[in-house]
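Colleague: Listed here are the chains, written in short residue letters.
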Amino acid sequence: MATADSGTGRDWAVAGGPTVLALALGVFPLAVLFVESIGPGLGTENYARAVSPLYRGALSYSIGVGVAVTVVCLAIAYPVTFWLAHRCPARYRLAGLVALTLPLWLNYVVLNYAWVWILARGGIVNRLLVGTGLLAEPLDLLYTQVSTGIGFVYIYLPYVILTMYVSMERLDYRLLEAARDLGATNWRVFRDIVVPQTLPGAAAATLVVYARIAGAYATPEILGSPGNVMIARLVVDAFQGYANYGFAAALSFVFLCLVLAGFVVGAAFPRVRRELRGW
Amino acid sequence: MSALTVDGLSKSFGDETAVSDVSLTLEGGEFFSLIGPSGCGKTTTLRMLGGLSSPDSGTVRLDGRDVTALPARQRATNMVFQDLVLFPHMTVAENIGYGLARSGVTGPERAQQVTEVLSLVGLKGFESRDPNSLSGGQQQRVALARALVNDPAVLLLDEPLASLDRALREEMQSEFRRIQRNSGTTFLYVTHDQESAMSMSDRIGVMRDGEVVDRGAPRRLYNQPRTRFVAEFLGDATVLTGTVRERGAGTVVVETGAGDVTAEQLDRDPTVGEQATVAVRPETVRLDGGSITGEVIDTAYKGFYAEATVACGGAELVVRRERQATLPDGGEPGTGPLFSVGETVTLSVERAVVVANGDG
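First to last, the sequence lines map onto chains A and B. Using the numbering used here, you'd call the opening residue of the first sequence number 2 and step up by one each time. Using the numbering used here, you'd call the opening residue of the second sequence number 51 and step up by one each time.
Only chain A is shown next, with the shape it has when bound in the complex (with noise of 0.2 Å):
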């Protein structure tokens, strides 16, 4: 018994240190901004202001293409982490990882120029079209809401892709044959055996992504039309335009609410749950 006890009370003395030093980074930031936001004078005016339509609409547009890329992501994820831990030769298997996840390496502003390049109306995939006569006049592909996605999938999937392919590698491949031996067509050795067995990878490639890209601001800033505004370039308005401390921590608040939301609405479906019981 004694000894146990000793043992509890090294095992704090080593874990409490972290411990507290993670949950102080964690948690401090956000209470001084969580005080900040209902200043000055414990009012919720800055709340209202945040919840106003002006400021519903970008919210709503940021969830919506966190969702929807996050969704493009795990899509080719899928396929390609499949192809990769299930049939790609093991020779060239880490090679293929270490291609596919390149962009992981080069900071992030660089990428999204690569983007510019690329799409501009002066740029290799337009004079390909003109050059070949596919097309007499040049698209308009940059500053929309193609270049923000093609944008944000290229940098966000390394991350769904490292993510998946653990989950993906651990999938147990007997366990298909066995479901196309009881008659399972592709499709529903898919759903009811790949999905149900990936799901882990699933939701931790969305719990990486799906909040970042929501809240993105260069990715928007660099590749994306001015028509449409993201919330993270009016939390930046809010701190540096017009030094708005107040409005500028509800704002983030409120977005930090809905980022949240969206798990409890993922978590709502009954298979994610039991998964998330078994973590």
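It cannot be assumed that every hint is accurate.
[Said to hold, decoys possible] Only part of the chain B face toward chain A is listed, based on derived beta-carbon distances under 8 Å:
id : residue
1  : 137
2  : 141
3  : 148
4  : 149
5  : 156
No lab work stands behind these hints: they were computed from the structure. We put the beta carbon where it would ideally sit given N, CA and C, even for glycine.
Model the placement of chain B on the given structure of chain A, informed by the hints.
Modeller: Below, chain B alone, put in the same frame as chain A:
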């Protein structure tokens, strides 16, 4: 009509021939085992029959219909996999009902069939259980039920008992046999365990290096093996070589290093003076008072019998002595050594068969 007809099935992986010109015929309701050492191509053959792997050449017919080009899901075969691979995210009933659902059997009908097959495999009331929480033997039964419930033309079993301990394996063997009899399903069972194959099967095919080298009822294969390989793979056998000295009616006398041995010639017809190989089962070697004299060079205690390796001239013979219930001198059975190294024994070979040396 035969349940399964396989004709000239072959498959190579790169330069390596896995299965070479395998032909088989299974009658409806038969329990057929395909046995052979690991890497002999038996699992590859099974996967081709189930449609999980496609042959380089040859045909597979189920109830007379050519299914060689059909994928697994369109074949009337179902597989019990080596490591069972039950769907871990489904209940027992969902696992078993999966194949029924894919063939369009709806809710109540499906539930009833699942209940029936569960009681056939002795798991009544297990519908809503999580397969991960079941014991090894129970998981075996679920895996069997999942395949059996679809009423396949042939049920393919890929060494499903390999991972069980001996007692459970024996229990499951007799269960498999009982379930097979009761359901009337044709079983094709693949294993490297000759003992379980012999105790369960109506017929056995012995594979080696991708080919079926012999086939027949277990008793025929055991008592009249055609090749040295079959004699040694099925049960225990001592193989002696020598020169044919004399021919009799269906038998030949072979002069071996151990002395003269009379052997059944089966379908071989060796002439006098020719080299011949004979296989001798240990239980057909009699102790005491034979023409063969030898010295015990190794002994092994096996429980209800003891085994001795005896050097007789230029050859070695294995002989067994059963433990008596009570010993003549009133001693406790099994206390004293049944053989001792260095002891001189006299033996006679009661029964031997001429076999082909090599692969045959």
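Colleague: Does each hint hold? Answer for all of them.
Modeller: Hint check:
About 6 Å separates the beta-carbon of residue 137(B) from the nearest beta-carbon of chain A, less than 8 Å, and the hint is met. The interface hint given for residue 141(B) is violated, since its Cβ lies 12 Å from the closest Cβ of chain A, which is over the 8 Å cut-off. The closest approach between the C-beta of residue 148(B) and any C-beta of chain A is roughly 5 Å, which is under the 8 Å cut-off, so the hint is satisfied. With its C-beta approaching chain A no nearer than about 4 Å, residue 149(B) sits inside the 8 Å limit, and its interface hint holds.
Proximity of residue 156(B) to chain A is violated relative to the hint, the smallest CB-CB distance being about 15 Å (cut-off 8 Å).
Comparing the model with each earlier hint shows violations of hints 2, 5; every other hint is respected.
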